[in-house]
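Colleague: Chains as they are written, first to last, in the working numbering: chain X, 1 to 111; chain U, 1001 to 1120.
Keep in mind that the hints were calculated from the coordinates and are not lab data.
Hints are all accurate, no fakes.
With beta-carbon atoms standing in for the labels, derived distance ranges:
id, chain 1, residue 1, chain 2, residue 2, range
1, X, K68, U, L1120, 45 to 55 Å
2, X, Q44, U, R1010, 12 to 22 Å
3, U, T1017, X, Q44, 30 to 40 Å
4, U, K1014, X, E5, 39 to 49 Å
Ideal Cβ placement from N, Cα and C applies to all residues, glycine included.
As a plain string of letters, each chain reads:
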Amino acid sequence: GEDVEQSLFLSVREGDSSVINCTYTDSSSTYLYWYKQEPGAGLQLLTYIFSNMDMKQDQRLTVLLNKKDKHLSLRIADTQTGDSAIYFCAGTFNQGGKLIFGQGTELSVKP
Amino acid sequence: GAVVSQHPSRVICKSGTSVKIECRSLDFQATTMFWYRQFPKKSLMLMATSNEGSKATYEQGVEKDKFLINHASLTLSTLTVTSAHPEDSSFYICSARDGSGRAGVTDTQYFGPGTRLTVL
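Work out the full structure: start from the sequences and follow the hints.
Modeller: As structure tokens, then:
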């Protein structure tokens, strides 16, 4: 089945940029998503990218998609302490509408 | 827009009792809702897909008689954990799929805030 991989931890200083990476294996997804989860909360949809796009920018967030390498990234500019959370990439990958998630990257922002 | 609520947010119950969790899409109609379980520091595990007016589709290894799902309307799905045991303690999250394309992305899943279940 589809495998979605993320690094588990990322630590940055406040004001720096954060880059969270995600790779997938077998197939493509029409849309790829980034969700944010704060402690004890549900998942908040941050942004998404359509599979025929290479890049999407939304305020401090930039999503890059490299379909050849099956690599997705989320860049957060000017990272703030409020950005500390777990970030999940996800796609449907021809799984009948079911979302397949990565393991989540825990972002820690130090003042 | 695209708000999903869950109730209750937190529940503590005794072993052997049943607990019902509600998932509502507040400003859109959701023909499909999903139920996930999340263990601490782990990713989400899909338990079942709930379709309005029909039986839920359970993932492999999930006991359908233990986790009863009802999707009676386009805005409400319920998960009942029957005869709960301490090993059922977990964070349960639902999501609802907006198939209208209203938000600009068809089939995007919007998540509820989760329900923390503790079984004593």
